[in-house]
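Chain by chain, the residues run as shown.
2 protein chains.
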Amino acid sequence: MLAEQTILRIPGPTPIPPSVNRAMNQPMIGHRDQETKSLLESIKHRLKPIFGTKQEIMVLAGSGTAGLETAVVNTVQPGDEVLVIITGAFGERFAKICQEYNITTHLHDVRWGNAAEAQAVSELLKKHPSIKAVFATYCETSTGVLNPVKDIAEAVHTNSDALFIVDGVSCVGAVETKMDEWGIDVLVTGSQKAMMLPPGLTFIAASNRAWKVIEKNKQPRFYFNLQKYRDNLENNSTPFTPAVSLLFGLEQVLQLLESETLEKVYQRHQVMMNMTRAAFKAMNIPLLTSDPAASPTVTAIKPEDFNPEDLRNIIKQDFKMTVAGGQQHLKGEIFRIGHMGYCSPADVLQSISLIEIGIKKIGKDITLGRGIQAAQEVYIQQL
Amino acid sequence: MLAEQTILRIPGPTPIPPSVNRAMNQPMIGHRDQETKSLLESIKHRLKPIFGTKQEIMVLAGSGTAGLETAVVNTVQPGDEVLVIITGAFGERFAKICQEYNITTHLHDVRWGNAAEAQAVSELLKKHPSIKAVFATYCETSTGVLNPVKDIAEAVHTNSDALFIVDGVSCVGAVETKMDEWGIDVLVTGSQKAMMLPPGLTFIAASNRAWKVIEKNKQPRFYFNLQKYRDNLENNSTPFTPAVSLLFGLEQVLQLLESETLEKVYQRHQVMMNMTRAAFKAMNIPLLTSDPAASPTVTAIKPEDFNPEDLRNIIKQDFKMTVAGGQQHLKGEIFRIGHMGYCSPADVLQSISLIEIGIKKIGKDITLGRGIQAAQEVYIQQL
Chain V
1 MLAEQTILRI
11 PGPTPIPPSV
21 NRAMNQPMIG
31 HRDQETKSLL
41 ESIKHRLKPI
51 FGTKQEIMVL
61 AGSGTAGLET
71 AVVNTVQPGD
81 EVLVIITGAF
91 GERFAKICQE
101 YNITTHLHDV
111 RWGNAAEAQA
121 VSELLKKHPS
131 IKAVFATYCE
141 TSTGVLNPVK
151 DIAEAVHTNS
161 DALFIVDGVS
171 CVGAVETKMD
181 EWGIDVLVTG
191 SQKAMMLPPG
201 LTFIAASNRA
211 WKVIEKNKQP
221 RFYFNLQKYR
231 DNLENNSTPF
241 TPAVSLLFGL
251 EQVLQLLESE
261 TLEKVYQRHQ
271 VMMNMTRAAF
281 KAMNIPLLTS
291 DPAASPTVTA
301 IKPEDFNPED
311 LRNIIKQDFK
321 MTVAGGQQHL
331 KGEIFRIGHM
341 GYCSPADVLQ
351 SISLIEIGIK
361 KIGKDITLGR
371 GIQAAQEVYI
381 QQL
Chain A
1 MLAEQTILRI
11 PGPTPIPPSV
21 NRAMNQPMIG
31 HRDQETKSLL
41 ESIKHRLKPI
51 FGTKQEIMVL
61 AGSGTAGLET
71 AVVNTVQPGD
81 EVLVIITGAF
91 GERFAKICQE
101 YNITTHLHDV
111 RWGNAAEAQA
121 VSELLKKHPS
131 IKAVFATYCE
141 TSTGVLNPVK
151 DIAEAVHTNS
161 DALFIVDGVS
171 CVGAVETKMD
181 EWGIDVLVTG
191 SQKAMMLPPG
201 LTFIAASNRA
211 WKVIEKNKQP
221 RFYFNLQKYR
231 DNLENNSTPF
241 TPAVSLLFGL
251 EQVLQLLESE
261 TLEKVYQRHQ
271 VMMNMTRAAF
281 KAMNIPLLTS
291 DPAASPTVTA
301 IKPEDFNPED
311 LRNIIKQDFK
321 MTVAGGQQHL
331 KGEIFRIGHM
341 GYCSPADVLQ
351 SISLIEIGIK
361 KIGKDITLGR
371 GIQAAQEVYI
381 QQL
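As given, the protein sequences belong to chains V and A, one line each in that order.
Residue 1 is where the first sequence starts when you use the UniProt record's numbering, and the numbers rise one by one after that.
Residue 1 is where the second sequence starts when you use the UniProt record's numbering, and the numbers rise one by one after that.
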């Protein structure tokens, strides 16, 4: 096997563009020097279109979970009631964080593979009028569902005064996101998915409504105190040492996204989703999610007549290609293909052609090339 | 389009493995320091299996053509008669270099796309008994032909006392090469093809018979004087400043080749050739060369009902994928796909799936997926 080549198609971390790797290799600079201030100033303005917001976006050194915990500890405190919408493992994570902080947590548990429905959220809010915040996941990485956060935001604001807090980790930067227009009060994402960076940064923004809550919130917090980040950002600084190399990389990521244009980035992800889904439909291998619930960044496949782990093993062995397995009760039941960030239709075609070989080699009698053909047709029609 | 992604599938320069790029980024060292001596010592032993020789392999800073000229000026001088076997543009280059130095040059001109035949070489040597050197091309990059250098070497040594000098630029490191066993007297290759490095190094080795000629050769030469390189190499040094970064990279390339094993590297290239050829046969698009004449490193395709330049343009535009066109009288008649060096069966599948889309988009009514299917079947049967 070709030494060293790896094909990473998990839903994050995702491959790093070469120019981003080069940018991250710049010599270290002092984190209080003017160079860092200039870097932070350049970044802060250019992140806003990705979130669809006029608010400041704070960048913390930490993983996506650090961002989710930051959202919780800044907006709620013990005794508060919240609603957490769970459509998979990352919805559950929001619930666990809330429970850790002794927040009274109502759950809206949706069958894994399905999207949450705004109507159900409305009903729960009517039933529990004290709910102060609703937590949702935009793309549920564990199932490949893209939840209708725009509709849910409307349901939240129509039926309550609660804040609407969204985990956008596995899709912001790859799908249209209009934080201000849709009424998202707190939006969180991470660096290692559509943002094409290594793990290590989390991004978070808050609405004016959210800031009023945050300023009054008594929950103890130090590193995760968003006010400190906001106050420092006014002077193009950070309260604690920023992850400088990742910021170098982020500046280059912004350059790449701007050069492609966000509109084209979102279109590319739509086409990659459609190519992937068309391929498995053509192979008669079931998808976990329906077309309307599907995320442009990750696709979960739920085969009926072969073991996804056998497939994952053989493509790893033959091609050093990695796709993700299932989590929790979907372990061994599904596999998940990431198609986000530094990933192109050409990469999707490669992934599918290798998966076809893998499926054949583990003994399922498929017609080779059929999935590829369907994906090629989608490409020709849609791009 | 995904900013920055490029898919380079020309027959050299070829993609650089990430670890080789990292190796080349090491801090510069003094070219007369012990570090450089250690580097040269490590390299010189490890290159020998690639050439299939016990002779020293000299590494010059220069392109492949510098290596070809080095072979000429060290072995022949004005008044000498030579035979140059021409199967394409790089055979012609050997002839032009000989002619530049006023060497009496007999040509064995083979129709482009065909391989040279040992029998014809035997006859020419019998007809011109004064021939002192025979120049041949192992892989003719311009046509994708792999010439039978083992058979030609036998013909040369059976019928003459001439030296047999071989341009191995576009295949050594990707195909089996037994310089000593086959009787190649001078073998040249370059860094930017199967050796997975940027252009800038040329490699050259000579047999004991060749060294006797080289030592007596009166042709003026300074930078290209092989004796200087040999004498310096005894002390793990070079007569002129070596291309240090490329040597850093070369050390890592050797690591990669050793970790895969040369046997597996050669097998991988065979399979990539077979996959590529099977794909175009399945699409009913003619190949320029016959199966026995085909090179494992590059495939030339000669379509009858579409313009290869249209295809090259559309895949460049859609995918930033580059394949090569034809040279000289084959310009506009063929396109050439490189599949050597840092290239895998997975990459071949990607290339073919993109070329299928390109062919469809320029208006030829092909069945998508058919070429891929044939290539996938070859992969499953052969690897």
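Note that these hints are calculated values from the structure, not bench results.
For every residue, glycine included, the Cβ atom is placed at its ideal position computed from N, Cα and C.
Don't take every hint at face value.
To be verified - Mimicking DSS-like on lysine-lysine, the simulated pairs with C-alpha atoms at most 30 Å apart in a straight line are:
| id | chain 1 | residue 1 | chain 2 | residue 2 |
| --- | --- | --- | --- | --- |
| 1 | V | 37 | V | 48 |
| 2 | A | 281 | V | 361 |
| 3 | V | 360 | A | 264 |
| 4 | A | 264 | V | 281 |
To be verified - Computed beta-carbon distance windows for the label pairs:
| id | chain 1 | residue 1 | chain 2 | residue 2 | range |
| --- | --- | --- | --- | --- | --- |
| 5 | V | 317 | A | 236 | 38 to 46 Å |
| 6 | A | 6 | V | 317 | 24 to 32 Å |
| 7 | A | 6 | V | 215 | 46 to 54 Å |
| 8 | V | 37 | A | 176 | 26 to 34 Å |
| 9 | V | 317 | A | 325 | 56 to 64 Å |
| 10 | A | 18 | V | 37 | 26 to 34 Å |
| 11 | V | 237 | A | 316 | 40 to 48 Å |
| 12 | V | 199 | A | 41 | 39 to 47 Å |
| 13 | V | 180 | A | 25 | 38 to 46 Å |
| 14 | V | 286 | A | 284 | 53 to 61 Å |
| 15 | A | 231 | V | 241 | 30 to 38 Å |
Mind checking the hinted window 30 to 38 Å against the Cβ distance between residue 231/A and residue 241/V?
Given range 30 to 38 Å: violated, Cβ gap about 55 Å.
CB of residue 237/V to CB of residue 316/A, is that within 40 to 48 Å?
Distance hint for residue 237/V, residue 316/A holds at roughly 45 Å.
Beta-carbon spacing of residue 317/V to residue 236/A - inside the hinted bounds 38 to 46 Å or not
Holds, since residue 317/V and residue 236/A (Cβ atoms, about 40 Å apart) stay within the stated range.
Are the Cα atoms of residue 360/V and residue 264/A separated by 30 Å or less?
holds (23 Å)
Does residue 48/V lie within 30 Å of residue 37/V when you go C-alpha to C-alpha?
holds (18 Å)
Hint consistency between residue 281/A and residue 361/V [alpha-carbon to alpha-carbon, up to 30 Å]
Judged against 30 Å, a Cα distance of about 23 Å means the pair holds.
Verify the CB-CB distance for residue 18/A and residue 37/V against the hinted window 26 to 34 Å.
holds (32 Å)
39 to 47 Å as the expected CB spacing between residue 41/A and residue 199/V, which holds or is violated
holds (41 Å)
Beta-carbon spacing of residue 317/V to residue 325/A - inside the hinted bounds 56 to 64 Å or not:
Since the Cβ atoms of residue 317/V and residue 325/A sit about 37 Å apart, the hinted range of 56 to 64 Å is violated.
Between residue 286/V and residue 284/A, does the beta-carbon spacing fit 53 to 61 Å?
Distance hint for residue 286/V, residue 284/A is violated at roughly 35 Å.
Could you grab the alpha-carbon distance between residue 264/A and residue 281/V and see if it respects the 30 Å cut-off?
violated (36 Å)
Hint says 26 to 34 Å; check whether the CB-CB distance for residue 37/V and residue 176/A agrees.
Distance hint for residue 37/V, residue 176/A is violated at roughly 59 Å.
Hints 4, 8, 9, 14, 15 from the list above are not met by this structure, while the remaining hints are.
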